[in-house]
Structure formats: C-alpha cells, structure tokens
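Asks: Spelled out, the chains give:
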Amino acid sequence: MPRTNDFAFKIATANGTGSASANGLIMQAIFRMGIPVTGKNVFPSNIQGLPTWYEIRVSQKGYTARIPEFDLMVALNPATYVKDVAEVRSGGWLMYDSSWPLDATLIRQDLTYIGIPLAEMCNARFTGMRERILMKNIAYAGALAALLQIDSGIVRALLKEKYGRKPALMESNQQAVDIGYDYATANFDCPLAIRLAPLEKTADAILIDGNTAAALGCLYAGATVGAWYPITPATSLMEAFKGFCQKYRQEPETNRNRYAILQAEDEIAAIGMVIGASWAGARAFTPTSGPGISLMNEFLGLAYYAEVPAVLFDVQRTGPSTGMPTRTQQGDLMMCAYASHGDTRHICLYPADPREAFEFAAAAFDLAERFQTPVFVLTDLDIGMNDWMIPKLSWDDSYRPDRGKVLSAEQLDEVRTFSRYLDTDGDGITARTLPGVHPKGAFFTRGSGHNRFGGYTEDGDEYVEVVDRIDRKIQRAARAVPAPILQTMPGARLGLVTVGGCHAACVEALDILAAEGMAIDYMRVRGFPFGEEVARFLEAHEASFVVEQNRDGQLRNLLMLETGTAAEKLESVRYYGGFPMSAHHVISGVKAKLEKAA
Amino acid sequence: MTYISKPTVHHPALQKNAIGLVRREYEGAMTTLCAGCGHDSITAAIIQAFWELSIPPHKVAKLSGIGCSSKTPAYFLREAHGFNGVHGRMPALVTGANAANRDIIYIGVSGDGDSLSIGLGHLCHAIRRNVNVLYVLENNGVYGLTKGQFSASADPGSTSKKGEANTMEAIDGALLALSLGATFVARGFSGDKAQLVPMIKAGLSHQGFAFIDVISPCVTFNDHDGSTKSYAYTRERNVEVVQADFVPHAQAITTEYDPGTVRSVLLHDGSWVRLRKVADQYDPTDRDRAYAFIRERQKHGEVVTGLLYISPDSSDVHEQCNTVATPLTQLPHEQLCPGSAELEKLQARFR
Ligand SMILES: Cc1ncc(C[n+]2csc(CCOP(=O)(O)OP(=O)(O)O)c2C)c(N)n1
Ligand code: SF4
Ligand SMILES: [Mg+2]
Numbered sequence: 001m002p003r004t005n006d007f008a009f010k011i012a013t014a015n016g017t018g019s020a021s022a023n024g025l026i027m028q029a030i031f032r033m034g035i036p037v038t039g040k041n042v043f044p045s046n047i048q049g050l051p052t053w054y055e056i057r058v059s060q061k062g063y064t065a066r067i068p069e070f071d072l073m074v075a076l077n078p079a080t081y082v083k084d085v086a087e088v089r090s091g092g093w094l095m096y097d098s099s100w101p102l103d104a105t106l107i108r109q110d111l112t113y114i115g116i117p118l119a120e121m122c123n124a125r126f127t128g129m130r131e132r133i134l135m136k137n138i139a140y141a142g143a144l145a146a147l148l149q150i151d152s153g154i155v156r157a158l159l160k161e162k163y164g165r166k167p168a169l170m171e172s173n174q175q176a177v178d179i180g181y182d183y184a185t186a187n188f189d190c191p192l193a194i195r196l197a198p199l200e201k202t203a204d205a206i207l208i209d210g211n212t213a214a215a216l217g218c219l220y221a222g223a224t225v226g227a228w229y230p231i232t233p234a235t236s237l238m239e240a241f242k243g244f245c246q247k248y249r250q251e252p253e254t255n256r257n258r259y260a261i262l263q264a265e266d267e268i269a270a271i272g273m274v275i276g277a278s279w280a281g282a283r284a285f286t287p288t289s290g291p292g293i294s295l296m297n298e299f300l301g302l303a304y305y306a307e308v309p310a311v312l313f314d315v316q317r318t319g320p321s322t323g324m325p326t327r328t329q330q331g332d333l334m335m336c337a338y339a340s341h342g343d344t345r346h347i348c349l350y351p352a353d354p355r356e357a358f359e360f361a362a363a364a365f366d367l368a369e370r371f372q373t374p375v376f377v378l379t380d381l382d383i384g385m386n387d388w389m390i391p392k393l394s395w396d397d398s399y400r401p402d403r404g405k406v407l408s409a410e411q412l413d414e415v416r417t418f419s420r421y422l423d424t425d426g427d428g429i430t431a432r433t434l435p436g437v438h439p440k441g442a443f444f445t446r447g448s449g450h451n452r453f454g455g456y457t458e459d460g461d462e463y464v465e466v467v468d469r470i471d472r473k474i475q476r477a478a479r480a481v482p483a484p485i486l487q488t489m490p491g492a493r494l495g496l497v498t499v500g501g502c503h504a505a506c507v508e509a510l511d512i513l514a515a516e517g518m519a520i521d522y523m524r525v526r527g528f529p530f531g532e533e534v535a536r537f538l539e540a541h542e543a544s545f546v547v548e549q550n551r552d553g554q555l556r557n558l559l560m561l562e563t564g565t566a567a568e569k570l571e572s573v574r575y576y577g578g579f580p581m582s583a584h585h586v587i588s589g590v591k592a593k594l595e596k597a598a
Numbered sequence: 001m002t003y004i005s006k007p008t009v010h011h012p013a014l015q016k017n018a019i020g021l022v023r024r025e026y027e028g029a030m031t032t033l034c035a036g037c038g039h040d041s042i043t044a045a046i047i048q049a050f051w052e053l054s055i056p057p058h059k060v061a062k063l064s065g066i067g068c069s070s071k072t073p074a075y076f077l078r079e080a081h082g083f084n085g086v087h088g089r090m091p092a093l094v095t096g097a098n099a100a101n102r103d104i105i106y107i108g109v110s111g112d113g114d115s116l117s118i119g120l121g122h123l124c125h126a127i128r129r130n131v132n133v134l135y136v137l138e139n140n141g142v143y144g145l146t147k148g149q150f151s152a153s154a155d156p157g158s159t160s161k162k163g164e165a166n167t168m169e170a171i172d173g174a175l176l177a178l179s180l181g182a183t184f185v186a187r188g189f190s191g192d193k194a195q196l197v198p199m200i201k202a203g204l205s206h207q208g209f210a211f212i213d214v215i216s217p218c219v220t221f222n223d224h225d226g227s228t229k230s231y232a233y234t235r236e237r238n239v240e241v242v243q244a245d246f247v248p249h250a251q252a253i254t255t256e257y258d259p260g261t262v263r264s265v266l267l268h269d270g271s272w273v274r275l276r277k278v279a280d281q282y283d284p285t286d287r288d289r290a291y292a293f294i295r296e297r298q299k300h301g302e303v304v305t306g307l308l309y310i311s312p313d314s315s316d317v318h319e320q321c322n323t324v325a326t327p328l329t330q331l332p333h334e335q336l337c338p339g340s341a342e343l344e345k346l347q348a349r350f351r
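Chains as they are written, first to last, in our numbering: chain W, 1 to 598; chain R, 1 to 351.
These aren't lab readings, by the way, just hints derived from the structure by calculation.
Just to be clear, a hint being listed does not mean it is correct.
[Stated by the list, open to error] Lysine-lysine pairs mimicking BS3-like chemistry, simulated, CA-CA at most 27 Å apart:
hint	chain 1	residue 1	chain 2	residue 2
1	R	Lys16	W	Lys440
2	W	Lys61	W	Lys201
3	R	Lys161	R	Lys345
4	W	Lys392	R	Lys345
5	W	Lys405	W	Lys61
6	R	Lys345	W	Lys162
7	W	Lys569	W	Lys596
8	W	Lys405	R	Lys147
9	R	Lys193	R	Lys16
10	W	Lys201	R	Lys345
11	W	Lys392	W	Lys160
12	W	Lys166	R	Lys162
13	W	Lys201	W	Lys162
14	R	Lys299	R	Lys277
15	R	Lys299	R	Lys162
16	W	Lys473	W	Lys61
17	R	Lys161	R	Lys147
18	W	Lys242	W	Lys392
19	W	Lys440	R	Lys345
20	W	Lys247	W	Lys473
21	W	Lys160	R	Lys345
22	W	Lys247	R	Lys345
23	W	Lys473	W	Lys405
24	R	Lys16	R	Lys59
25	W	Lys242	R	Lys345
These numbers were taken from a predicted model, which means no experiment stands behind them.
Use the sequences and the hints to build the structure in full.
Replies: Here it is in structure tokens:
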C-alpha cells in the first residue's frame with residue numbers, strides 16, 4: 001500500500017559539491033506542494049570533501065522531529081556507502097549512481113535498489129569538471145522528482161526564480177533535472193510506494209532557520225549594535241542580521257548605516273562591546289556558541305552586578321571544549337543560568353523553533369533593558385541552522401521598545417540627586433541614566449563592591465543590601481519570561497517536562513504514547529528563572545520525565561535546584577549524541593523508566 | 001544696602017572657563033592612591049586639559065580597566081559617567097559605547113598591566129579599529145595594585161624592589177601603537193604637566209584613537225635605583241623630541257616660530273596642533289622614521305617623549321562602519337523597525 005506524504009529520506013553527498021542547492025530545491029518544491037516538510041543538514045566541520053547528509057521528513061501531520069531510519073537513501077558518496085545502506089529501513093529503497101557497479105557487500109536483500117547513471121549521463125551532456133559535478137547533483141533532484149512524484153512544474157518555477165537572471169545556468173540546471181527525471185521514469189515504476197500528493201497545509205507557513213529568524217527579531221526590536229566573533233553554529237545569525245540591515249537600515253539621503261556590526265577580536269571583546277553599547281543606551285547583542293559563553297563569563301558577572309543590559313544568543317553545539325562543532329546539544333543550560341564567578345542568576349529564554357527564536361529575540365531586548373541585566377536566548381544548532389516549517393511571522397506595529405527605567409534629562413532636572421542603585425519603589429529595579437544626558441545623571445559603574453548610592457564599598461552590610469536586591473529583581477523576572485507551554489490529559493498522573501528543540505520529539509512521542517493508552521501531561525519550559533507554574537506542575541504530578549539533550553541532565557538539575565523538587569520525582573530521559581532528538585528516544589526512555597519502576 | 005564690593009582678583013582656582021566652570025568642577029572624588037603616585041599627577045593634567053577645553057563634563061564618558069591607574073577616573077570629572085570594567089578589557093567597552101553614541105567624548109585610562117598583558121589583544125584591536133577615544137596608559141613598569149610584580153613594560157635588566165632582575169623584553173606601548181597604525185601616538189611623563197596637558201588636549205580633539213603612554217612612577221613599588229620607570233631615571237633620560245602646542249578652534253595663532261621648525265596640523269574639530277621639533281630630523285608625520293628614531297634613542301637609554309606621531313587624515317571606526325551622523329542611541333524606533341507590512345513581504349523569500 002502506498003504511503004503518501006508520510007516518510008523520510010536522506011541524501012548522502014560530499015561537502016562542497018553543490019548538493020546544498022539540490023537539497024534546498026527538493027525541500028522547497030515539496031513545501032510548495034502544500035505538504036509539511038522539514039530538512040536537517042548533517043554536515044562536517046570542513047569546507048570541502050568530507051561526507052555530508054541532508055535528511056528530509058515529509059509529514060502530513062506536521063511532525064518535525066528527526067527520524068533516524070529512512071525509507072529512502074540517496075547514496076551518492078561511496079565513502080559512506082556502508083553506513084548509508086545500513087540506515088535504510090527494511091523494505092526501503094536505495095538510490096545510487098550506477099555509473100559504477102555497487103560492491104556486492106552493499107546489497108541487502110530487503111531493499112530495492114534504484115541505480116541511476118548520474119555521472120555517466122552528466123559527463124555526456126556537460127563539459128568541464130566542476131559543471132559535471134554540480135549538474136550530477138541537480139540530476140538526482142530530477143530523479144527524485146519522478147520517484148516521489150514531486151510536481152515538475154514547481155521545480156521548473158523554482159529554478160526560474162533562482163536563475164531567472166542567468167538564462168544559461170537556468171538552462172543547464174533544467175537539463176540536469178530532466179536527465180534524472182527522464183531516466184527514472186523510463187527505467188523504474190514511478191512513483192514509488194512512498195510518494196507525495198499535493199495538500200494545502202503550507203499556505204500560511206514559511207521555511208526558515210532559527211538564526212535568520214532570530215536576526216529578524218533583533219532587527220525588529222531595534223537592535224543597533226551587534227558584536228561577534230565567528231563560530232559555528234551562530235555565524236549565520238550575524239550574517240543574516242547584516243543582510244537585513246543592508247536592506248532596511250540605510251539612511252536614504254546618505255546611504256549611511258543605522259547600525260554598527262563589530263567583528264570583535266574574540267568573544268570577550270564581543271560581550272564587552274555589547275555591554276559598552278548597552279551602557280551607552282543602544283540595544284546591542286552578540287550571537288555565539290558554548291565556547292564563546294565560556295570566554296565571556298567574567299564580563300557577564302560585571303553586567304549582572306553593575307546591572308547593564310546585554311542580549312546573548314547561545315546557539316548551542318556539542319561540548320565540552322571544541323566538542324563536535326557541527327552537531328547539536330543542549331549542553332549550556334547550567335552555564336548560562338549561572339554564568340560568572342560569584343552568585344549570579346541570569347534570565348534565559350528557550351525557543352523551541354524559529355518562530356519562537358524570532359519572538360524571544362525581540363522579547364530579550366525588552367527584558368534586558370527592563371531588568372538591566374544580561375539575557376540569554378538559548379537555541380541550538382538544529383533550531384539555528386536547519387530549515388523549519390513554521391507559521392508565518394507576524395509583528396505588532398504598536399510595539400515600542402521597553403527601555404526600562406531610564407531617566408530623561410527632564411526627569412533628572414526634577415530630582416535633587418540621583419543614586420544609581422537606590423530602589424525607590426521596591427520592585428528591585430533601580431533607575432539608570434545614560435552618558436551625555438544630564439550632569440546630575442553621572443555615576444560610576446563598577447564591578448567592585450558598591451552600595452545603593454553607587455559608591456565604592458567594602459562594608460558587608462552595604463554589599464549585601466545590593467546583591468540581595470539584585471537577587472530579588474532577577475527572581476521577579478520569572479513572571480516576565482515566557483510562561484511554560486502546558487498540555488494536560490484527563491487522568492494523567494505523570495508529567496513530561498522538556499525544553500527548547502526537544503519539543504518536536506516530545507509532542508510526537510506523547511501522541512504515540514497516548515495512542516497506546518498512556519496519558520502523560522506535558523510542560524515545556526520557556527524561560528528562566530522558572531515561574532510558579534513550573535513548580536506547580538512538578539508538584540502536581542507523581543513523577544515527571546525530564547527530557548533533554550545533554551549527558552548530565554542539566555534541566556533536571558536546574559529544576560531541582562530552583563524549585564526544590566525531590567530528585568526521586570524527576571526521571572531523566574536524555575539523548576546527547578549530537579543529532580536532534582527523535583520521538584523514539586523519548587518513548588524508549590519513558591518506557592524504560594516505567595518498566596524499572598514496575 | 002551694602003558698600004562692600006566683591007574682590008576683583010580671582011583666586012586662580014576660581015577662574016572660569018568659556019562655559020563658566022571653574023577647575024574644581026572638573027575634579028572628582030578624593031584620590032585613594034599612595035601619596036606621590038604618578039597617576040595622581042596625570043589626573044591633575046587631565047582635569048586641567050578638560051577645563052581648558054571648556055568641555056561640559058557630562059558630555060564625557062571615562063572608562064577604565066582594573067589597577068591603581070584604572071581607579072583614577074573616579075578622581076576627575078565627577079559629572080561624567082564612569083565605567084570601571086574588568087581587567088584589561090576597557091577597549092572593548094569603549095568600542096561598544098562609542099559605536100552606540102558617537103557624540104560623547106571618550107577617555108580611557110589604563111595601566112601597563114591592564115593594557116600590555118591581560119588586555120594586550122584588545123588594545124591592539126581598538127587601535128586597528130581607530131576607535132575615537134583618548135587612551136591614556138599610565139605606565140609604571142609594575143602591577144601596582146597587586147603589589148609590584150613586573151609588568152610587560154618593565155625593561156630588561158631593570159630590577160624589582162627586592163632586587164630581582166627582569167629577564168624579558170619590554171613591550172613599548174608607543175612603538176606598538178605606531179606599528180599597528182595608530183593615528184596619534186604620544187609619550188609623556190607624569191612629572192611634566194606642561195608637556196602633558198597640550199598633548200591630552202590634542203588627543204581629545206583628534207578624530208580616532210589617540211594613544212598617550214605616560215611614564216608614571218609607582219612610588220611604592222618601582223621608584224628605586226634599579227628601576228627604569230622611577231622619577232629620577234625618567235627625569236634624567238627623558239628627551240623631548242616634539243613639543244605640542246594646542247591651539248583651540250577659532251583661536252588665532254599668534255606665536256611666531258622659526259620657519260621650518262614648526263608644523264601645524266589641523267585637527268578634526270577645527271583646532272590646530274603646532275608641533276615644534278626640538279630634535280633635528282624628527283618628523284612627527286612620518287610613521288616609519290618616527291619608529292626608527294624612537295628605537296634608536298632607546299638603544300642609548302633615552303626615553304623619547306612628546307607628540308611622536310600624528311596622522312591628519314584618520315578614518316575612525318564610524319567612518320569604517322559607515323554609520324549615520326546621528327548617534328545610534330538617538331534613532332527613533334520608526335527608523336529601526338521595518339514594520340508588519342514589510343515583514344509580510346520579506347517572508348516571500350522563505351516560501
Ligand atoms: C582577571 C583578573 N586577574 C587578576 C586581577 C588582579 N589585578 C588587579 S590590578 C592588576 C594589575 C594592574 O597593573 P596595572 O594595569 O599596571 O595598574 P597599576 O596598578 O600599576 O596602575 C592585577 C593583576 C584582576 N583584577 N582580574
Ligand atoms: S601602589 Fe604604586 S601605582 Fe598604586 S597607588 Fe601606590 S604608588 Fe600608585
Ligand atoms: Mg602598572
């Protein structure tokens with residue numbers, strides 16, 4: 001029986017051979033057919049030559065989590081044949097370049113082999129080494145179009161959009177697509193039993209990666225200073241911001257920039273620049289990954305203690321150390337929550353997809369300025385760099401930046417004296433002033449001991465008064481960060497808690513478990529410090545599974561530390577091998593815990 | 001009715017500058033440094049320079065790192081915002097602040113430990129970026145605040161207070177700045193206020209990174225015989241090669257000098273700096289020759305001082321970033337946020 005609009009396939013190629021544009025073409029064509037689709041790029045930390053994969057999941061129900069077993073493998077990289085052949089599910093298909101025979105050891109009896117002489121055909125049609133390689137990769141897209149029943153009209157339209165201004169390129173790409181398409185049609189029973197059929201489920205959606213979405217959030221929130229040091233997987237965030245600024249932040253009369261992007265000498269300088277710019281009154285941010293946050297720790301303590309806003313994006317990758325730079329993880333939850341020596345606690349936001357990356361990016365600037373403190377937006381490589389299908393982004397034009405308590409020249413005129421750290425209304429947040437505004441606004445910002453007037457102190461009581469107020473201030477932010485997403489089921493006594501990108505795997509797993517008769521309530525935390533709802537949820541359930549992507553159960557640790565929940569009530573379910581989490585990780589983790597308890 | 005007339009002779013400290021402020025109004029908190037510390041003399045020179053330039057104190061931001069030297073921004077311009085950051089990283093803070101608000105006058109104060117060890121990288125990159133700041137390196141050859149360890153500017157062969165000899169090469173801030181393309185490089189001595197004040201004024205008027213290395217003896221840890229950063233050593237070996245006179249914007253140049261010995265350089269804000277060559281064959285606008293000259297004199301144990309190099313055409317960080325003339329902090333939200341209709345439109349790209 002054919003399986004329509006619900007399958008996964010994977011394309012294995014080598015880095016730098018142009019496969020990215022073919023993969024993008026396939027993704028986009030499926031999306032334009034109205035079918036929910038997600039793509040995950042599995043790439044090496046290398047520029048050219050090493051193996052790279054692209055995984056596409058088609059799901060009419062809209063599931064976006066990774067599936068580690070594939071219905072179809074497009075195996076175009078002999079270097080990874082063995083591994084690729086093994087990853088196909090029993091009864092699946094394997095497409096390969098039959099210009100060369102397959103080694104007998106690669107033949108599995110339970111697979112159907114689709115040999116297409118891509119190299120042979122492209123060598124015959126095209127000249128020049130580079131063109132032949134590039135076109136070979138476009139040709140497989142054509143073959144897939146035939147095998148999976150991708151609308152060729154849409155493929156043609158996409159090529160036209162992309163190469164409209166370069167007719168020669170457009171022509172050769174279309175030729176390559178046709179070569180693959182025609183060969184597959186002539187030699188195989190197309191379409192396969194896994195196939196596509198148009199739906200109408202993507203009309204109000206977009207395909208976007210989280211870094212681009214976060215960059216848009218920065219643009220819309222009015223960030224004017226971005227400082228950074230390049231690091232995978234955060235680099236594309238600043239590149240996207242720059243692209244948007246070039247379009248939207250030019251003063252028309254002069255062509256001068258209404259933004260400044262500073263490529264710093266290291267991440268220490270990057271956060272220093274952000275702190276300096278925020279101190280002077282700009283909205284400033286830095287995108288980085290774990291190694292960058294490690295370097296920034298001292299400055300983060302300064303911003304926390306001296307109460308200077310800052311917005312940081314931590315697009316997490318596998319640590320510790322350099323780790324696996326092109327693989328994903330949620331390994332920085334603890335570090336970001338308490339970055340720096342001394343007592344600190346930082347506001348953290350945890351988007352689960354690019355849509356939230358956009359929204360939380362904008363929210364981060366408001367929170368940073370309102371609470372006068374660093375705010376972390378923690379995404380990960382999967383959210384940041386992969387293309388997700390999300391509902392279209394929207395913006396409320398009545399939005400005005402929340403600059404927090406910043407005294408104007410007029411307000412300073414009125415006051416007799418100004419004291420930077422004096423809590424006049426008891427909310428823990430004290431008024432700040434910006435340089436250049438008013439002589440009465442001057443104060444000395446320092447990371448050394450200071451009293452509530454901003455003066456230097458080595459007096460224990462004066463010191464304690466200030467750090468206790470800062471603690472109260474940050475605790476209050478629990479009410480201002482995005483509330484957790486809750487989903488309850490009748491009769492559920494167990495809970496499942498997760499954070500960020502694990503969401504996709506969790507919702508799918510919970511559906512499957514529910515279908516098996518298992519009722520489990522769900523909570524996805526979206527901000528730190530945790531609000532009361534978080535503690536209440538944990539309190540209300542006999543036990544909760546805590547699902548996350550790191551070895552040590554960092555979310556679970558945070559929940560125990562911050563809500564006082566007993567360790568026995570929190571069952572840890574983890575996957576941290578570097579790929580995005582799959583539903584089966586959650587299901588098997590949950591079942592294993594239940595069996596142990598039984 | 002009273003017939004007691006006001007005194008007509010003002011005490012010099014009560015003399016007002018062009019914006020009606022007396023010098024006291026450019027002071028800050030009481031110093032907490034050791035009596036006789038060179039850093040306090042530099043503070044006095046900074047106060048004098050700002051007062052003479054009639055800069056409104058609240059239009060200034062003063063930033064520093066950590067060290068005895070870095071404490072000093074608390075001791076001048078109490079009406080200016082101050083930022084005492086983390087050790088060695090003031091250049092990053094001032095770079096960000098300057099990017100955000102280009103209308104503020106920035107002064108950064110640092111020490112030789114702060115700038116040449118822990119913060120060396122940041123200093124180098126702020127110079128390369130040509131951030132518009134007057135950067136004062138208060139150079140005493142030691143870490144004062146941590147009690148006298150050698151700093152990176154300690155000369156080879158000079159000894160610590162306990163008699164230990166320094167074995168490593170020194171990093172010379174002025175030579176470093178020259179080699180990195182700094183557009184304003186000066187060296188002064190905390191004991192020579194007359195030389196220092198005009199250089200600070202010129203540095204404040206310079207568009208871009210103005211670097212002043214000021215030998216500033218640490219009386220507590222590095223003022224002994226074996227030191228090459230002591231008062232005695234610096235007084236004896238200090239050779240002034242270029243004397244800088246600062247001529248403010250709109251003030252006529254009255255003093256006459258022998259032609260050929262004077263070079264006038266127009267600064268960005270319309271002021272002039274007149275450079276009087278004290279040493280023969282010294283050209284303060286020729287980077288390579290300035291570098292070679294300083295190196296050469298160093299070999300003879302001389303400490304070359306003065307406004308060593310100035311580049312009249314200096315493109316600062318804002319020119320490099322092509323930022324608008326209005327400070328970024330003052331751009332209204334409407335100019336920054338493209339709005340919902342545009343968001344709808346731009347998402348066509350993601351379909
Ligand atoms: C990260 C860090 N490491 C070490 C210190 C300790 N420390 C404070 S000041 C200083 C040296 C300051 O030397 P310098 O910049 O020359 O200033 P001076 O006191 O001589 O004026 C050191 C090492 C610190 N504050 N921070
Ligand atoms: S220890 Fe040295 S540098 Fe520090 S205040 Fe005393 S004299 Fe000045
Ligand atoms: Mg020192």
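Asks: Does each hint fit the structure? Answer for all of them.
Replies: Evaluated hints:
1. R/Lys16 x W/Lys440: With Cα atoms ~20 Å apart, lysine 16 of chain R and lysine 440 of chain W stay inside 27 Å; holds.
2. W/Lys61 x W/Lys201: holds (9 Å)
3. R/Lys161 x R/Lys345: violated (70 Å)
4. W/Lys392 x R/Lys345: Answer holds: lysine 392 of chain W to lysine 345 of chain R is near 11 Å, not above 27 Å.
5. W/Lys405 x W/Lys61: violated (46 Å)
6. R/Lys345 x W/Lys162: holds (18 Å)
7. W/Lys569 x W/Lys596: holds (14 Å)
8. W/Lys405 x R/Lys147: violated (41 Å)
9. R/Lys193 x R/Lys16: Roughly 20 Å between the alpha carbons, so the hint for lysine 193 of chain R and lysine 16 of chain R holds.
10. W/Lys201 x R/Lys345: Holds: lysine 201 of chain W and lysine 345 of chain R sit about 20 Å apart, inside 27 Å.
11. W/Lys392 x W/Lys160: holds (24 Å)
12. W/Lys166 x R/Lys162: With Cα atoms ~76 Å apart, lysine 166 of chain W and lysine 162 of chain R exceed 27 Å; violated.
13. W/Lys201 x W/Lys162: holds (24 Å)
14. R/Lys299 x R/Lys277: Within the cut-off at roughly 21 Å; holds.
15. R/Lys299 x R/Lys162: holds (26 Å)
16. W/Lys473 x W/Lys61: violated (43 Å)
17. R/Lys161 x R/Lys147: holds (10 Å)
18. W/Lys242 x W/Lys392: holds (22 Å)
19. W/Lys440 x R/Lys345: Judged against 27 Å, a Cα distance of about 46 Å means the pair is violated.
20. W/Lys247 x W/Lys473: With a Cα-Cα distance of about 38 Å, the restraint between lysine 247 of chain W and lysine 473 of chain W is violated, given a limit of 27 Å.
21. W/Lys160 x R/Lys345: holds (20 Å)
22. W/Lys247 x R/Lys345: Status holds; Cα separation ~13 Å.
23. W/Lys473 x W/Lys405: Holds, because 13 Å separates the two Cα atoms, which is no more than 27 Å.
24. R/Lys16 x R/Lys59: holds (18 Å)
25. W/Lys242 x R/Lys345: holds (18 Å)
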